[in-house]
Amino acid sequence: METRKIEILVGVFVAATIVALVFLALRVASNTDITRGSSYTLSASFDNIGGLKVRSPVKIGGVTVGRVTNIYLEGDYYEPVVEMQISTTYDQIPETSTVSVLTSGLLGEQYLGIEPGFIDEGIMMLENGDRFMNSNSAMVLEELIGQFLFSQGDN
Amino acid sequence: MDVIANLGRSSLNILRGMGAALIMLLQSIIGKPQPRKSFPLFMRQMYVVGVQSMLIILISGLFIGMVLGLQGYTILVDFGAEQALGPMVALSLLRELGPVVTALLFAGRAGSALTAEIGLMRATEQLSSLEMMAVDPLRRVVSPRFWAGFISMPMLALLFTAVGILGGYFVGVQWLGVDDGAFWSVMQASVDWRDDVMNGVIKSLVFAFVVTWIALYKGYTAEPTSEGISAATTSTVVTGSLAVLGFDFVLTAIMFS
Amino acid sequence: MYDQKGCTVDNLVELKDVYFNRGNTVIYEGVNLQVPRGKITAIMGPSGCGKTTMLRLIGGQLKPRSGSVDFAGHQVPELSRGELYELRKRMSMLFQSGALFTDMSVSDNVAFPILEHTKLPREIVDTIVKMKLQAVGLRGAGGLQPDELSGGMARRAALARAIALDPELIMYDEPFTGQDPISMGMIVKLIRSLNQTLGLTSIIVSHDIHETMGIADHVAIIANKQVVAQGPPQALLDHESALVRQFLNGEPDGPVPFHYQANNYLDDLMARGG
Ligand SMILES: Nc1ncnc2c1ncn2[C@@H]1O[C@H](COP(=O)(O)OP(=O)(O)O)[C@@H](O)[C@H]1O
Ligand SMILES: [Mg+2]
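Protein chains in written order, with my numbering: chain A, 1 to 155; chain B, 1001 to 1257; chain C, 2001 to 2274.
Treat the hints loosely; a few may be bogus.
[Stated by the list, open to error] Simulated pairs of lysine-lysine, DSS-like, Cα-Cα distance not exceeding 30 Å: (1) C/Lys2130 - A/Lys5; (2) C/Lys2063 - A/Lys5; (3) C/Lys2130 - B/Lys1037; (4) C/Lys2130 - C/Lys2039; (5) B/Lys1032 - C/Lys2119; (6) C/Lys2189 - C/Lys2130; (7) B/Lys1037 - C/Lys2119; (8) C/Lys2016 - C/Lys2063; (9) C/Lys2039 - C/Lys2189; (10) B/Lys1032 - C/Lys2063; (11) C/Lys2189 - B/Lys1037; (12) C/Lys2089 - C/Lys2016; (13) C/Lys2089 - C/Lys2119; (14) A/Lys5 - B/Lys1032; (15) B/Lys1037 - A/Lys53.
These are computed hints drawn from the structure, not numbers from a lab.
Take the sequences, apply the hints, and build the full model.
Next comes the structure, spelled out in structure tokens:
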């Protein structure tokens, strides 16, 4: 009887822990990590990546399709290059597509947005290891203000 | 010269103590498992160490989560960033407060009880008596308590974290009016299963190991007098808590930098 | 002494020339002790002289610095851990405090060594437990928890546990200390009847001269880090050593002085005054 009571209470303890774990998995953590399944790697070079970080999301039309996996500088002019993993579910991105560093909201986190390009004969789809040909750099607030003042001066 | 000699002597003593503690631990957990005999003992300790600590863990978790919700809101609302309340509450609980506060409470609640119990068994000759009955007290008394502590503390930390997030949710969303959908979705966007949840679990496994080990060793080597037992109990809480905070710094530096 | 008188004595336990230290404190310097098989041997001596230590040496919980501790032909200090544990199944010890496991009922305490060391089915174990409890007069108390027992009952329950596996040797550490006269009488009777009915060899550690001398067949007296005398109780009562006589007759002054070493009393008083 004593043993039975102990077993039941330990059972309750274990069950409660499982509930907590499921809650953390489904409600709290990003359970659908897009790069968990099979994925392929693309890269893009920018003039300026702003506040982009490793693990920042990559989105098409607001839907997350991958994550930034690596950021480094390349060549004599130290051009920033961003590597990203994209889920193989989305493997029909044409080489004419444009990738931009975007900001969610006014002060929110930065992410990569892919704008799919036109598809035509002779246009290839991007494959593992390919690089985007068109990219838009991050908008840096100071530069924007500078440009704005400059154009005001022109008028 | 005396100072250096003293330093040398106390370092040697500390090393000797750690060696003895390691030997005790190895002797109690190494050996051929006897599931039929050890499982009921383990269950009993899961009850004593785990189930009996649940209430204090759940209540503390709830309150700490509620305080986080309140404090976080008052700070974030000034920047118009109260949407970030969800990740703030979740990340601080998952990465730090869940494992650390659980370990500290565990050292005070279960650790001190383990030390006192084993110290008392030594003082009343129950351990000697086991030895004379050809039963190894390390396998019989220390081992089930070690496993129960090592397993139940991470479980308690998960409960603490989950309840804490709910506490933050009640205060932030239900009381202060942060948007319900934003609270969860922004949280999901910034909490990562492996980096945040799993690292928290790893932390609490390390804390569980250290605190349980300290508690058992202090009890096993307590002077068999009432002063000896009370000193050992105090020492478990002090040493255990300091060890948790020290390891927390090291682990945080490794994991999150 | 009496094994030198030519009697053929079969000893279950024999200590020869044992030296033992606790840190820097010397406890024994060349102790010799014989425990005849099937008899009740008493070890007596003032508190702190190392009587409990002697039992722990026999049980292998402590190792002597040098000398031999022989139990039924085995050198206890030289045994491996496994061999020692095997040997301990043949002996048992009744600790000073009883040492009942506080988280088990009395019955479970008695069943514990049986369940640990045999594969008997539960019903048979329960029967044995009842028999052992009946032997100490506690069959009705099997369901109680150890903290519900009086001091005398706790010691008897511990005795039932100690005889659970029918050991060859049973060691009693101060079984009479702190007992009222009635339970003292019960324990004396139990020790004697267990020894006779089960053919046990018993060692009693005690400083209660009256009770111990009454039931012992063989007495050893420890003083000054040695066994100063051993033999049948009658032979010791008129032993040539003044120390032995002082101890056995409970005289307050003698070779063990009443006064702790001090300088001259009068000088001491005068020094304070001046
Ligand atoms: N664990 C220990 N550590 C150090 N000294 C001890 C320990 N146990 C006993 N002693 C010392 O050994 C001596 C003998 O102890 P013991 O055998 O318990 O005496 P007693 O004859 O009263 O049973 C005592 O002087 C005691 O102070
Ligand atoms: Mg003693």
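- Hints not upheld, ascending by number: Structure breaks hints 2, 11, 15.
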